[in-house]
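Q: The chain contents come next:
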Amino acid sequence: MESLLQEEVHEEKIDLKLWRQILRLAKPHKRYIIYAILGTIAMALGDALFPYMTKVAIDRFVVPQTTDGLGSFAATFGLLVLFQCFNIYIFIKMAGRVESGITYTIRQAGFEHLHKLSFSFYDKRAAGWLLARLTSDVNRLGEIVSWSLIDLLWGGVAMVFFSIVMFTMNWRLALLTVCVLPILAVASVYFQKQILRAYRNVRRVNSKITGAFSEGIMGATTTKILSREEKNLAEFKELTSGLRGSSIKAATFSALYLPIVLMLGSIGTSLTLWVGGNGVIAGTITYGVLVAFVSYTIQFFEPVREIARIFAELQMAHASAERVMGLLNTEPEIKDRPGLADDWPHLEGAVEFENVSFSYNPLEPVLVDFNLKVEPGQTVALVGETGSGKSTIVNLACRFYEPTSGRVLIDGVDYRDRPLAWLQGNLGYVLQSPHLFSGNIRENIRYGRLSATDEEVEHAAKLVNAHDFIAKLPKGYDTEVGEGGGLLSTGQKQLISFARAILADPRIFVLDEATSSIDTETEMLIQDAIKTVLQGRTSFIIAHRLSTVRSADVILVIRDGKVQEKGNHNELMAAQGYYYRLYTNQFLEG
Amino acid sequence: MKSLRILWNYMKNNRLVYLGAILSVGLASLTTISAPLVIRITIDNIIGDEPLVAPLLIRNFVESIGQAFWVPGIVLIVITTFRGLFMFLRGRLSAQASENIAKNIRDRIYDHIQQLPYKYHKEADSGDIMQRCTSDIETIRRFLGVQLVEMGNALFMVFFIVNVMWRADRRMTMISMIAVPIIFAFAIVFFVKVKKAFKEADEAEAELTTVLQENLTGIRVVRAFANQDYEIERFDSKNQVNRDKLYHLIWLLACYWSGSDLLAFSQIGLVLVAGTYFTAQGEITMGTMVLFSTYIGMLVWPVRQLGRILTDMGKALVAAERLQEVFDEPKEELVENNEQPPIKGNIVFDNVSFGYEPGQLVLENLSFSVKAGQTVAILGHTGSGKSSLVHLLARLYDYEDGSITIDGVELKTIDKRWMRKNVAVVSQEPFLFAKTIRENITLASGDVPDEELYAICREAAVHDVILSFDKGYDTLVGERGVSVSGGQRQRIAIARALITQSPILIFDDSLSAVDTETDLAIRNALAKRSQTATTFLISHRVTSLAGADLILVLDHGKIVQRGTHEELMNADGPYARIWEIQNTLEAEITA
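Chains as they are written, first to last, in the numbering used here: chain D, 49 to 638; chain V, 43 to 633.
These aren't lab readings, by the way, just hints derived from the structure by calculation.
The beta carbon of each residue, even a glycine, is placed where N, CA and C say it ideally should be.
Incorrect hints may appear among the rest.
Here are the in silico distance ranges between beta carbons for each label pair [said to hold, decoys possible]: (1) V:L46 with D:S120: 47 to 55 Å; (2) D:E412 with V:E363: 55 to 63 Å; (3) D:C227 with V:I100: 29 to 37 Å.
I would like the entire structure built from these sequences, with the hints used as guidance.
A: Right under this line is the structure:
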């Protein structure tokens with residue numbers, strides 16, 4: 049479905065600045081690029097020499113009816129074949145080096161850059177969108193820089209060599225051949241563009257069909273329950289009809305192109321035959337030249353076609369290049385101030401918001417003059433509806449975002465005066481739907497501290513009640529969790545992520561409580577694990593369970609992005625406000 | 043052979059178009075090889091004065107034009123025009139046939155998948171089915187649309203060219219054919235051998251993508267544990283493997299192309315030198331020599347292509363088999379001669395037992411009855427069989443023992459789709475389609491007036507949420523539109539269920555992601571409705587269940603407790619225990 053997004057960009061004029069930047073990225077592979085270019089030039093030379101050999105054969109041996117020197121002619125031809133095959137080998141090998149090398153370089157640069165970018169960047173872009181940048185776009189860019197540019201060079205050089213050979217043999221005939229060229233060039237560029245556009249359209253419709261298939265499969269049970277089979281099929285058939293239509297259209301365009309090129313080419317050939325034939329009779333042209341020209345008129349169009357194709361492709365690839373470079377050129381919004389010292393004191397975990405204001409966009413302030421002081425080891429619970437802005441405070445405390453005005457002090461120091469790693473290396477983070485990496489359970493827990501021993505991993509699991517269920521699994525700690533932890537239940541994933549967090553031993557801990565239902569037994573294990581994890585750490589909990597909230601040191605009730613109430617449980621109950629209503633709702637039911 | 047027959051069956055209804063395409067292929071190759079003949083005649087019989095061996099008609103024509111060289115020129119253009127026409131027809135007709143076929147396969151498989159039973163979808167690996175529906179169909183389409191035609195082209199070319207060559211000069215024909223089988227064999231052997239390299243390169247890229255994807259979705263985890271350097275290193279190693287596999291593959295291709303070019307060029311050189319020798323000796327004419335050196339180029343490259351296509355053909359056969367596996371899955375029997383009685387919602391379970399696997403009962407001897415309009419609450423932990431109840435009522439599975447009656451009619455005798463139309467189910471993680479919110483809510487109901495839609499959405503406490511989206515009810519859901527949270531998703535699904543006005547409503551843990559206040563609001567709205575629909579509430583949150591007319595506590599497929607909230611609270615059992623656990627803290631403060 050990513051392709052859906054990437055097809056949206058329109059073709060544009062070639063932007064030199066952009067390509068210069070890409071060439072700069074190609075720099076480490078300069079040596080291979082040079083070899084590839086040399087191979088290409090030699091290959092074009094070989095291509096131009098083959099028809100000439102036919103001319104030599106006819107004029108040297110056939111017409112004079114002699115076989116003198118045919119042996120060395122054969123040897124020369126053999127050498128030419130070896131020369132050409134060597135060129136082809138070098139060209140493909142080197143272009144391959146360049147392609148694989150450049151994709152590697154750009155991808156690595158992109159990946160490293162992704163890890164420097166702030167969360168604000170991720171919040172605005174879907175993971176699928178970013179994934180497509182570093183996969184299909186980088187691949188396309190790699191192909192373009194290697195094959196297309198080198199093919200373009202081949203086309204240009206081959207045309208030059210062909211022209212040189214033709215003009216030295218007979219300039220009149222050469223002019224005749226060349227005169228079809230401009231028409232051919234214009235037709236080629238026109239058709240190649242149409243073809244590419246038509247196929248791009250096909251890809252767009254095709255990605256819709258992929259989407260529809262995916263929906264049909266993922267949503268099959270829903271469809272069944274809603275009895276919507278016929279309507280779905282009717283909608284799907286509309287899509288496939290659309291695809292059939294646009295595919296046939298694209299195929300028609302490309303089926304038209306070659307015949308037109310061939311016909312234009314045949315005009316060149318017949319002109320050559322006409323003028324050349326007369327020339328042979330008149331004795332001004334040799335047989336060999338005539339035959340060579342006939343094959344040049346046919347071969348000459350190959351480079352023109354190549355150039356037209358690449359020209360059209362380059363225009364389309366421009367969008368890919370722009371997106372990849374756009375990613376690499378994005379400045380991280382949050383980064384270390386220059387000149388920060390390398391050593392910093394141990395983090396205790398005191399967090400203070402001092403007149404903090406924040407907005408995602410200037411028109412809608414989310415926090416205004418917010419003040420909060422959290423002592424090391426205290427627990428802050430954030431309560432409110434989904435989307436009310438609970439996570440903003442957490443994001444600010446973790447420096448995933450920085451305040452628009454005001455300061456956040458950690459251990460009494462503005463965190464912008466410390467490196468990012470100082471704070472973020474001391475964070476523990478457990479998400480609502482915990483993210484696990486594919487691999488086994490042991491590896492996932494160890495992710496909290498990569499240097500941890502097996503004993504430490506198991507100890508951490510025991511502390512958060514995860515050991516028992518892990519030990520019951522057939523492969524224990526070596527059980528694979530599947531992609532995204534898909535083989536485990538939500539409750540199990542949470543327990544593992546607690547173990548991971550406790551292994552990291554962070555000073556500040558963030559917990560986004562699960563909303564999805566977990567059965568009561570597991571729920572109790574989790575509540576117990578939370579207590580262990582919170583012990584002695586400054587914590588922020590985005591709470592969905594009032595039982596968790598009650599024991600917090602500070603409760604912030606957030607509504608519509610504003611802190612509406614602040615205090616501990618007893619204070620807020622006494623105030624009889626929104627919190628009181630929320631709380632009694634649950635309780636009154638009993 | 044079996045898969046060949048599958049492919050042949052796919053071509054049904056399009057075989058005539060295909061025949062047209064094949065005919066065009068033949069005619070295109072015939073015209074292709076006649077162009078060099080014109081040049082040969084020009085050289086030998088117009089410029090030179092060799093005797094022309096040809097039918098009388100052509101001989102007279104050639105003699106009549108004398109030395110007017112524009113005539114063969116025009117003939118050449120005419121021939122090329124026809125050649126172009128046939129080439130166009132070839133492309134157009136084969137595209138038409140293959141696209142028709144691909145469309146038919148797509149439609150059929152989509153429909154088939156929709157009609158596969160619930161059980162299949164619960165167990166299926168969706169990624170694998172996706173693969174079959176997309177890339178396998180694409181492989182077949184490419185094979186039928188492009189490769190088969192190219193294969194036909196190569197065969198026709200070889201047949202015609204060898205034929206003409208043989209008539210022109212037998213000895214030269216044999217010399218021309220020396221390397222051809224080697225080129226063909228070389229291509230086949232090579233592409234069979236490199237299959238592994240192709241696969242390895244694909245796998246390397248897939249692994250790279252996985253690491254990337256995990257980093258993108260888990261970026262917060264990576265940062266929180268400050269493992270950026272570790273991840274960059276991990277990515278680098280995958281990236282390097284990917285680079286090396288790709289390079290290795292291209293290197294293999296470099297060997298192949300240069301190697302097969304060596305063979306091809308040698309063959310061309312051999313023909314040129316031998317032709318030159320025989321012409322110089324006066325054994326063949328110059329026109330014949332030029333003819334051979336043109337034909338050899340037309341012969342060698344398609345043969346090389348043929349080897350590649352034949353190896354690719356294996357892929358198409360495998361793809362056809364993989365598709366057939368899906369088609370072979372039996373559909374759910376939806377068309378039955380069953381009843382479609384009016385449904386009010388009186389439900390009686392009498393000694394019902396059920397299991398997904400033989401011998402493993404999920405529900406055991408279940409008996410209870412509900413009157414139309416009542417609310418039944420079901421409590422139990424994961425795996426206790428709560429959701430199986432839903433499956434039985436919607437006839438997604440059939441019970442083995444006992445009986446379930448709806449308004450006195452045995453459930454098994456009621457039409458499946460009729461039953462599903464009368465049972466509205468909201469699951470814990472409802473699926474929304476990539477359509478607008480309005481379309482998602484009215485999926486099953488069809489068009490509904492705005493006022494009614496808004497009223498229903500207010501009941502589901504989601505109206506205000508929807509209005510807060512950019513385009514309100516016309517906002518797209520999913521990747522290209524708004525992303526909805528778990529709670530919003532559940533509420534939209536509740537609206538989708540309520541709008542059908544079904545006499546039976548099932549909420550399968552579908553308020554779990556909604557905060558307590560909204561939960562209460564929705565339950566109040568449902569309570570008002572409950573006179574009209576029999577409602578099943580499944581939840582872990584005991585407070586959500588307390589108001590029900592009947593509460594069932596399930597454990598390992600058996601009803602261990604039943605009664606109203608008051609009755610169960612006074613009894614010593616799991617209900618009271620769970621209630622206590624969930625409300626301990628609250629109990630403390632009131633004390």
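Q: For every hint, state whether the structure bears it out.
A: Here is how each hint holds up against the structure:
Between L46 (chain V) and S120 (chain D) the CB atoms are about 52 Å apart, so this pair conforms to the stated range of 47 to 55 Å. A hinted range of 55 to 63 Å for the beta carbons of E412 (chain D) and E363 (chain V) is consistent with their spacing of about 57 Å. For the pair C227 (chain D) and I100 (chain V), the beta carbons lie near 31 Å from each other, so the given range of 29 to 37 Å is met.
When each numbered hint is compared with the structure, no violation occurs for any of them.
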